[in-house]
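Guided by the hints, dock chain Z onto chain R, whose structure is given.
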Amino acid sequence: QVQLQQSGPGLVKPSQTLSLTCAISGDSVSSNRAAWDWIRQSPSRGLEWLGRTYYRSKWHNDYAVSVKSRITINPDTSKNQFSLQLNSVTPEDTAVYYCAREPCSGGSCYSSDNWGQGTLVTVSS
Amino acid sequence: QSVLTQPPSASGTPGQRVTISCSGSSSNIGINYVYWYQQLPGAAPKLLITRNNQRPSGVPDRFSGLKSGTSASLAISGLRSEDEADYYCAGWDDSLSGWVFGGGTKLTVL
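Sequence order for the protein chains is R and Z.
Quick note on my numbering: the first sequence kicks off at 64 and runs consecutively.
Quick note on my numbering: the second sequence kicks off at 78 and runs consecutively.
These are calculated hints, taken from the structure and not from any lab test.
Everything numeric in this text was worked out from a predicted model, so none of it was measured.
Honestly, I wouldn't trust all of these hints.
What the hints assert, rightly or not - Not the full set, but computed from the structure, chain R residues with beta-carbon under 8 angstroms of chain Z: (1) Pro106; (2) Trp112; (3) Asp125; (4) Ala127; (5) Val128; (6) Asp156; (7) Tyr161; (8) Tyr173; (9) Gly179; (10) Gly181; (11) Leu183.
As the list claims (entries may be wrong) - Have a look at the derived ranges for each label pair, beta carbon to beta carbon: (12) Gln78(Z) to Ser93(R): 32 to 38 angstroms; (13) Thr185(Z) to Ser105(R): 20 to 26 angstroms; (14) Ser93(R) to Arg157(Z): 21 to 27 angstroms; (15) Ser86(Z) to Asn95(R): 38 to 44 angstroms; (16) Ser168(R) to Ser98(Z): 25 to 31 angstroms.
Note that the Cβ used here is the ideal one computed from N, Cα and C, for glycine as well.
Isolated chain R (complex conformation) (with noise of 0.2 angstroms):
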């Protein structure tokens, strides 16, 4: 049974960086049938996808054109968790954060099967 626990602040200062780390049990952030999405979801703007970090032989990271210039999605193996950094936040990135995986098989990957407990975060001074 996948479980992902999510933490990190509920408050961020307009300009500042949002990071969100998501913790894997019972999967592997390093495994080659899933990928590890952050999704976010308001009320303007709905559920938007942000991106995504995966290994096939290396690391591979895709991001959405939305956010691409501002968005890092980092692994980190030794603690099998995934993290997602957003700088220069604003008010309108004020959301419920998800992290996700999405199962992969034979070269191809399906929507998110499993989710996080949601962050909300808040963007103000």
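Showing chain Z alone in chain R's frame:
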């Protein structure tokens, strides 16, 4: 504006069958799988339908998915009060190289 288009609301009475539509384009639904999620208040989305019409383990067979061209639909038969939730469609978009979602449909069980 969400890439996939859903009606904002739907409703039905207990026992009834309801359908929720999801409209996309040739870069997403037209060439890739469609997925459906159920989101209860305060909870993370739960995968309801995967790869157009397959139910993950534990999802009742009252839920079914259908895809045709650039559109898809979720059907819920034998509607129950616990089905009252928000429902989202999702898919991979080849032009955007990322996952896209519908704006969500709030289902009310009258």
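Consistency of the hints with the structure:
1. Taking 8 angstroms as the C-beta cut-off, the interface hint given for proline 106(R) is violated, the closest approach to chain Z being about 10 angstroms.
2. Nearest Cβ of chain Z to the Cβ of tryptophan 112(R): about 4 angstroms, under the 8 angstroms cut. The hint holds.
3. For aspartate 125(R), the interface hint holds, since its Cβ comes within 8 angstroms of a Cβ in chain Z; the closest pair sits about 7 angstroms apart.
4. About 5 angstroms separates the beta-carbon of alanine 127(R) from the nearest beta-carbon of chain Z, less than 8 angstroms, and the hint is met.
5. Checking valine 128(R) against chain Z by beta carbon gives a least distance of about 6 angstroms; that is within 8 angstroms, so the hint holds.
6. Hint on aspartate 156(R) is violated. Least Cβ distance to chain Z is approximately 17 angstroms, over the 8 angstroms limit.
7. Hint status for tyrosine 161(R) relative to chain Z: holds, with the closest Cβ pair at about 6 angstroms, below 8 angstroms.
8. The interface hint given for tyrosine 173(R) holds, since its Cβ lies 6 angstroms from the closest Cβ of chain Z, which is under the 8 angstroms cut-off.
9. Taken as an interface hint, glycine 179(R) checks out: its beta carbon lies about 7 angstroms from the nearest beta carbon of chain Z, inside 8 angstroms.
10. Hint status for glycine 181(R) relative to chain Z: holds, with the closest Cβ pair at about 5 angstroms, below 8 angstroms.
11. At a threshold of 8 angstroms, the smallest CB-CB gap from leucine 183(R) to chain Z is about 11 angstroms, leaving the interface hint violated.
12. Distance hint for glutamine 78(Z) and serine 93(R): a CB-CB separation of about 37 angstroms, consistent with the stated range 32 to 38 angstroms.
13. Hint check: threonine 185(Z) to serine 105(R), Cβ distance near 22 angstroms, so the stated range 20 to 26 angstroms holds.
14. The hinted window of 21 to 27 angstroms between serine 93(R) and arginine 157(Z) is violated, with their beta carbons roughly 41 angstroms apart.
15. Between serine 86(Z) and asparagine 95(R), the C-beta spacing of about 41 angstroms keeps the proposed range 38 to 44 angstroms intact.
16. A C-beta distance of roughly 29 angstroms is found between serine 168(R) and serine 98(Z), which places it inside the suggested range of 25 to 31 angstroms.
Checked against the numbered hints listed earlier, the structure breaks hints 1, 6, 11, 14; every other hint is satisfied.
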